[in-house]
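With the hints as constraints, model all of the structure from the sequences given.
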Amino acid sequence: MAKIQPLPAASSPEWHSGGGGLPGKKQAVCYTVWMKSLVFNGHGCTVYGSDGRVAFRVDNYGCRGSRDVFFMDTAGNTLIGIQAKSFGMLKRWEARRHHDGDSSLGEMPTTPWFSVQRGGRRRGRGGAMATVTLHGGGGGGGGGRAYRIDGCPRKSEYRISGAGEVVAEMARKRTASGVVLGEDVLTLTVGPDADHLLVLGLVVVCGLMNRAM
Numbered sequence: 001m002a003k004i005q006p007l008p009a010a011s012s013p014e015w016h017s018g019g020g021g022l023p024g025k026k027q028a029v030c031y032t033v034w035m036k037s038l039v040f041n042g043h044g045c046t047v048y049g050s051d052g053r054v055a056f057r058v059d060n061y062g063c064r065g066s067r068d069v070f071f072m073d074t075a076g077n078t079l080i081g082i083q084a085k086s087f088g089m090l091k092r093w094e095a096r097r098h099h100d101g102d103s104s105l106g107e108m109p110t111t112p113w114f115s116v117q118r119g120g121r122r123r124g125r126g127g128a129m130a131t132v133t134l135h136g137g138g139g140g141g142g143g144g145r146a147y148r149i150d151g152c153p154r155k156s157e158y159r160i161s162g163a164g165e166v167v168a169e170m171a172r173k174r175t176a177s178g179v180v181l182g183e184d185v186l187t188l189t190v191g192p193d194a195d196h197l198l199v200l201g202l203v204v205v206c207g208l209m210n211r212a213m
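Heads up, the sequence shown is in the numbering used here, so the first residue is 1 and it goes up one at a time.
Some clues are possibly wrong.
Restraint ranges, calculated between C-beta atoms of paired labels, are given here [to be verified]:
1. 111 to 27: 30 to 36 Å
2. 86 to 40: 31 to 37 Å
3. 50 to 110: 34 to 40 Å
4. 86 to 192: 30 to 36 Å
With a Cα cut of at most 20 Å, we get these calculated SDA-like pairs of lysine to any residue [to be verified]:
5. 91 to 155
6. 155 to 35
7. 91 to 55
8. 155 to 135
9. 36 to 55
10. 155 to 182
11. 155 to 166
12. 155 to 128
13. 91 to 131
14. 36 to 154
15. 26 to 166
16. 36 to 52
17. 26 to 165
18. 91 to 128
19. 36 to 72
20. 91 to 151
21. 155 to 187
22. 91 to 66
23. 155 to 184
24. 36 to 78
25. 85 to 52
26. 36 to 135
27. 85 to 36
28. 36 to 77
29. 36 to 59
30. 36 to 73
31. 155 to 181
32. 26 to 59
What the hints contain is simulated information worked out from the structure, not anything from laboratory work. Being a predicted model, the structure only gives us computed values, none of them experimental. Note that beta-carbon positions come from the ideal geometry of N, C-alpha and C, so glycine has one too.
As structure tokens, then:
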């Protein structure tokens, strides 16, 4: 599965970007996420860009649910290191951004880029599946900003929201003829102005949260 046939971005949901349909406004971008590793008998996920080629990957080899996960580009350079920091229903993950492909845990920033706290079993009406806090360790500021992930636990479909607006959405992938593919083949739509690397990092955490890799 080295290349897939992407669907046109026109199949994406409407995104409110303030552009009002003006020429040159930013468009949503679609990725295809295959919740499988390219490594034989491995665990992880593979992200395909809009051109249908592999763009990013996670390879945990023979270890499912690892406490340390690395999100890489196609050359194997680590972009994000993700660590599970607690266990049980209140499990939390911290992500640190690697710069220049540095894969050394010892040289990562001491301040996390973001953390994800899973919602409790009794989230109640309107409760989030998980909450996300930016800590400013990614080099782009934004410390203290919060996001939420809404969806059903153990399901592959969810939305990522910030400041009351949906910034990304994950859904089952459909073919051009409308056929829904397997539960491990998904379409990630990232809205205009969203940080793609942040969204992809959250997708990896959701995969860990749902024990999909």
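Evaluated hints:
| no. | hint | verdict |
| --- | --- | --- |
| 1 | 111 to 27: 30 to 36 Å | holds, 33 Å |
| 2 | 86 to 40: 31 to 37 Å | holds, 32 Å |
| 3 | 50 to 110: 34 to 40 Å | holds, 35 Å |
| 4 | 86 to 192: 30 to 36 Å | holds, 35 Å |
| 5 | 91 to 155 | holds, 17 Å |
| 6 | 155 to 35 | holds, 12 Å |
| 7 | 91 to 55 | violated, 29 Å |
| 8 | 155 to 135 | violated, 27 Å |
| 9 | 36 to 55 | holds, 14 Å |
| 10 | 155 to 182 | holds, 12 Å |
| 11 | 155 to 166 | holds, 18 Å |
| 12 | 155 to 128 | holds, 14 Å |
| 13 | 91 to 131 | holds, 11 Å |
| 14 | 36 to 154 | holds, 16 Å |
| 15 | 26 to 166 | holds, 15 Å |
| 16 | 36 to 52 | holds, 16 Å |
| 17 | 26 to 165 | holds, 16 Å |
| 18 | 91 to 128 | holds, 14 Å |
| 19 | 36 to 72 | holds, 14 Å |
| 20 | 91 to 151 | holds, 17 Å |
| 21 | 155 to 187 | holds, 14 Å |
| 22 | 91 to 66 | holds, 13 Å |
| 23 | 155 to 184 | holds, 10 Å |
| 24 | 36 to 78 | holds, 18 Å |
| 25 | 85 to 52 | violated, 34 Å |
| 26 | 36 to 135 | violated, 30 Å |
| 27 | 85 to 36 | violated, 24 Å |
| 28 | 36 to 77 | holds, 19 Å |
| 29 | 36 to 59 | holds, 9 Å |
| 30 | 36 to 73 | holds, 15 Å |
| 31 | 155 to 181 | holds, 15 Å |
| 32 | 26 to 59 | violated, 32 Å |
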